[in-house]
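Undergrad: Given chain X, put chain A in place with the hints provided.
Taken in sequence, the protein lines are chains X and A.
Throughout the first sequence, residue numbering follows my numbering, covering 1 to 195 in sequence.
Throughout the second sequence, residue numbering follows my numbering, covering 1 to 195 in sequence.
Simulated from the structure, these hints should not be mistaken for lab results.
For every residue, glycine included, the Cβ atom is placed at its ideal position computed from N, Cα and C.
Careful: at least some of the hints might be erroneous.
[Stated by the list, open to error] Listing some non-contacts, in silico: residues in chain A with all C-beta distances to chain X over 12 Å:
{"id": "1", "residue": "Asp-5"}
{"id": "2", "residue": "Ser-21"}
{"id": "3", "residue": "Leu-36"}
{"id": "4", "residue": "Ser-73"}
{"id": "5", "residue": "Ser-77"}
{"id": "6", "residue": "Asp-112"}
{"id": "7", "residue": "Ile-125"}
{"id": "8", "residue": "Pro-131"}
{"id": "9", "residue": "Lys-134"}
{"id": "10", "residue": "His-151"}
{"id": "11", "residue": "Arg-156"}
{"id": "12", "residue": "Phe-179"}
{"id": "13", "residue": "Gly-183"}
{"id": "14", "residue": "Gln-187"}
{"id": "15", "residue": "Leu-189"}
{"id": "16", "residue": "Lys-190"}
[Unchecked claim] Quick list of simulated restraints, FRET-style, between CB atoms:
{"id": "17", "chain 1": "X", "residue 1": "His-151", "chain 2": "A", "residue 2": "Gly-183", "range": "16 to 22 Å"}
{"id": "18", "chain 1": "A", "residue 1": "Arg-52", "chain 2": "X", "residue 2": "Asp-42", "range": "16 to 22 Å"}
{"id": "19", "chain 1": "X", "residue 1": "Phe-179", "chain 2": "A", "residue 2": "Glu-49", "range": "35 to 41 Å"}
{"id": "20", "chain 1": "A", "residue 1": "Glu-34", "chain 2": "X", "residue 2": "Arg-193", "range": "40 to 46 Å"}
{"id": "21", "chain 1": "X", "residue 1": "Glu-92", "chain 2": "A", "residue 2": "Arg-31", "range": "35 to 41 Å"}
[Unchecked claim] With the Cβ distance kept under 10 Å, some of the chain X side facing chain A (calculated, not the full set):
{"id": "22", "residue": "Leu-29"}
{"id": "23", "residue": "Arg-33"}
{"id": "24", "residue": "Gly-45"}
{"id": "25", "residue": "Ala-50"}
{"id": "26", "residue": "Trp-89"}
{"id": "27", "residue": "Ala-90"}
{"id": "28", "residue": "Ser-154"}
{"id": "29", "residue": "Leu-157"}
{"id": "30", "residue": "Ala-158"}
Number of protein chains: 2
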Amino acid sequence: MDELDRVMHYLAKLPGLGPRSARRAVLHLLRKRETLMHPLADALGAAAEAVRDCSVCGNLDASDPCHICKDESRDGSVICVVEDVGDVWALERAGAFKGRYHVLGGLLSALDGVGPDDLNLDGLISRSGAPEVKEVILAMDATVDGQTTAHYISDRLAGLDISITRLARGVPVGGELDFLDDGTLTQALKARRAL
Amino acid sequence: MDELDRVMHYLAKLPGLGPRSARRAVLHLLRKRETLMHPLADALGAAAEAVRDCSVCGNLDASDPCHICKDESRDGSVICVVEDVGDVWALERAGAFKGRYHVLGGLLSALDGVGPDDLNLDGLISRSGAPEVKEVILAMDATVDGQTTAHYISDRLAGLDISITRLARGVPVGGELDFLDDGTLTQALKARRAL
Numbered sequence: 001m002d003e004l005d006r007v008m009h010y011l012a013k014l015p016g017l018g019p020r021s022a023r024r025a026v027l028h029l030l031r032k033r034e035t036l037m038h039p040l041a042d043a044l045g046a047a048a049e050a051v052r053d054c055s056v057c058g059n060l061d062a063s064d065p066c067h068i069c070k071d072e073s074r075d076g077s078v079i080c081v082v083e084d085v086g087d088v089w090a091l092e093r094a095g096a097f098k099g100r101y102h103v104l105g106g107l108l109s110a111l112d113g114v115g116p117d118d119l120n121l122d123g124l125i126s127r128s129g130a131p132e133v134k135e136v137i138l139a140m141d142a143t144v145d146g147q148t149t150a151h152y153i154s155d156r157l158a159g160l161d162i163s164i165t166r167l168a169r170g171v172p173v174g175g176e177l178d179f180l181d182d183g184t185l186t187q188a189l190k191a192r193r194a195l
Numbered sequence: 001m002d003e004l005d006r007v008m009h010y011l012a013k014l015p016g017l018g019p020r021s022a023r024r025a026v027l028h029l030l031r032k033r034e035t036l037m038h039p040l041a042d043a044l045g046a047a048a049e050a051v052r053d054c055s056v057c058g059n060l061d062a063s064d065p066c067h068i069c070k071d072e073s074r075d076g077s078v079i080c081v082v083e084d085v086g087d088v089w090a091l092e093r094a095g096a097f098k099g100r101y102h103v104l105g106g107l108l109s110a111l112d113g114v115g116p117d118d119l120n121l122d123g124l125i126s127r128s129g130a131p132e133v134k135e136v137i138l139a140m141d142a143t144v145d146g147q148t149t150a151h152y153i154s155d156r157l158a159g160l161d162i163s164i165t166r167l168a169r170g171v172p173v174g175g176e177l178d179f180l181d182d183g184t185l186t187q188a189l190k191a192r193r194a195l
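Same shape as in the complex, but just chain X (with noise of 0.2 Å):
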């Protein structure tokens, strides 16, 4: 396999791209080499070397604690939980919540065997468990999945003396966390109700 049909290959399995639009960008990218393929090159290999998991919350960042869990000025009796990265960056394009985050890596899932041990559970029961929290989201999905999800930690977080809340339903039943408008994100935190 020669380099152009290397770049087209790995291109091609990117979500969103096929083998055509892998060809068409692949052309793009020579015809931009010193603007284009070359930053696009070293990101990719600098961001694989330095993005590592936040050893508190889950989120992805280069440094260690992320930068939301090593932020001062954020309100660290608030944990918002999330199934995803993508949920921590939607949340935070919609600029309406300043506490802090924990990510699941996933939802409870008896069809795709998901169970309580795959996901970043533990952290977040000892997290919860801080004098200083007083609050956690459950800011899952609302599908069948997703609260499954909520209802498991609720039920784990029962005995501690903190507010367990879930988003507003300005959600749509089925719709996923990462596809709403930022509008929309804003309405579901301000509403949010205990559980």
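TA: For chain A alone, kept in the frame of chain X given last:
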């Protein structure tokens, strides 16, 4: 701009990807660091370094002359003139042509201000005068610019003792070469006619 933002910034510039699909692609890449992210970074860097324009035909390849120009088993008596490297790839995928190529790097266009000096034409004129060349196939898109370019090249080559052909009208009018299926490309090559 941190590592992740840089990757997203550059990925979002690829044709077919926007900000949202770039974010999804980054998450996908970070989940497959060893099997996808590092190899893609390496392949991009290697291709950006190694791939150059073939000094004979204008094709993009890791060697100069390109592997098609170097291939002794190909028929040196026929030169197929195309707009772009993507068209060479399309014809090679169809597998119906065993001669040489010449890549113009564009089409004449009064609207876009592309004149004869902007295209890789001098090389074509001198190649077409070589004693072994018997035929030049003008395989441009069946668009106004493509046919204008074909007529211009046909005029420039008029004094030479070669046949000048164009692809058969299997190419749908207004269609672009790179979008055709292999069968149509094969039919169009087989039914080529003297200009």
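Undergrad: Against each hint, give a clear statement of whether it holds in the structure.
TA: These are the hints, each one checked on the structure:
1. At roughly 9 Å, the least C-beta separation between Asp-5(A) and chain X is not larger than 12 Å, which violates its mark as non-interface.
2. Remark: the non-interface label on Ser-21(A) conflicts with the geometry, its nearest Cβ contact in chain X lying 4 Å away (cut-off 12 Å).
3. Here Leu-36(A) does not stay apart from chain X, with its beta-carbon only about 6 Å from theirs, under the 12 Å limit.
4. In this structure Ser-73(A) is separated from chain X by more than 12 Å, as the shortest Cβ-Cβ distance comes to about 18 Å.
5. Every CB of chain X is more than 12 Å from the CB of Ser-77(A) (nearest about 27 Å), matching its label as outside the interface.
6. A cut-off of 12 Å between C-beta atoms confirms that Asp-112(A) is not in contact with chain X; the least separation is 15 Å.
7. For Ile-125(A), the condition that its CB be more than 12 Å from all CB atoms of chain X holds, with the nearest at approximately 25 Å.
8. Every Cβ of chain X is farther than 12 Å from the Cβ of Pro-131(A); the closest lies at roughly 32 Å, confirming the non-interface assignment.
9. Every CB of chain X is more than 12 Å from the CB of Lys-134(A) (nearest about 30 Å), matching its label as outside the interface.
10. Distance to chain X confirms His-151(A) as a non-interface residue, since its nearest Cβ pair spans about 26 Å, more than 12 Å.
11. Under the 12 Å C-beta cut-off, the non-interface status given to Arg-156(A) relative to chain X holds; the minimum distance is some 26 Å.
12. At roughly 9 Å, the least C-beta separation between Phe-179(A) and chain X is not larger than 12 Å, which violates its mark as non-interface.
13. Under the 12 Å C-beta cut-off, the non-interface status given to Gly-183(A) relative to chain X holds; the minimum distance is some 16 Å.
14. Interface exclusion of Gln-187(A) from chain X stands, the closest Cβ pair being 20 Å apart, more than 12 Å.
15. Non-interface status of Leu-189(A) relative to chain X is upheld: no Cβ of that chain comes within 12 Å, the nearest being about 20 Å off.
16. In this structure Lys-190(A) is separated from chain X by more than 12 Å, as the shortest Cβ-Cβ distance comes to about 24 Å.
17. Between His-151(X) and Gly-183(A) the CB atoms are about 55 Å apart, so this pair departs from the stated range of 16 to 22 Å.
18. Checking the proposed 16 to 22 Å range against Arg-52(A) and Asp-42(X) shows it holds: the Cβ atoms sit about 20 Å from each other.
19. Taking 35 to 41 Å as the suggested C-beta distance range, the pair Phe-179(X) and Glu-49(A) conforms, at roughly 39 Å.
20. Roughly 43 Å separates the CB atoms of Glu-34(A) and Arg-193(X), a value that falls within the hinted 40 to 46 Å.
21. Range check, Glu-92(X) to Arg-31(A): about 20 Å between beta-carbon atoms, so the 35 to 41 Å window is missed.
22. Look at Leu-29(X): its Cβ gets to within about 7 Å of chain A, closer than 10 Å, so that hint holds up.
23. Below 10 Å, beta-carbon pairs count as interface contacts, and Arg-33(X) has one with chain A at about 5 Å; its hint therefore holds.
24. With 10 Å as the threshold, the beta carbon of Gly-45(X) comes within range of chain A, its nearest partner Cβ sitting at about 4 Å, so the hint holds.
25. Nearest Cβ of chain A to the Cβ of Ala-50(X): about 5 Å, under the 10 Å cut. The hint holds.
26. At about 6 Å, the closest approach between the beta carbon of Trp-89(X) and any beta carbon in chain A falls short of 10 Å, and the interface hint on this residue holds.
27. Residue-level restraint check for Ala-90(X) holds (minimum Cβ-Cβ distance to chain A is 9 Å; threshold 10 Å).
28. Interface restraint check for Ser-154(X): the shortest CB-CB distance to chain A comes to about 27 Å, outside 10 Å, so the restraint is violated.
29. Interface restraint check for Leu-157(X): the shortest CB-CB distance to chain A comes to about 27 Å, outside 10 Å, so the restraint is violated.
30. The closest approach between the C-beta of Ala-158(X) and any C-beta of chain A is roughly 32 Å, which is over the 10 Å cut-off, so the hint fails.
The structure fails to meet hints 1, 2, 3, 12, 17, 21, 28, 29 and 30 from the earlier list, while all remaining hints are met.
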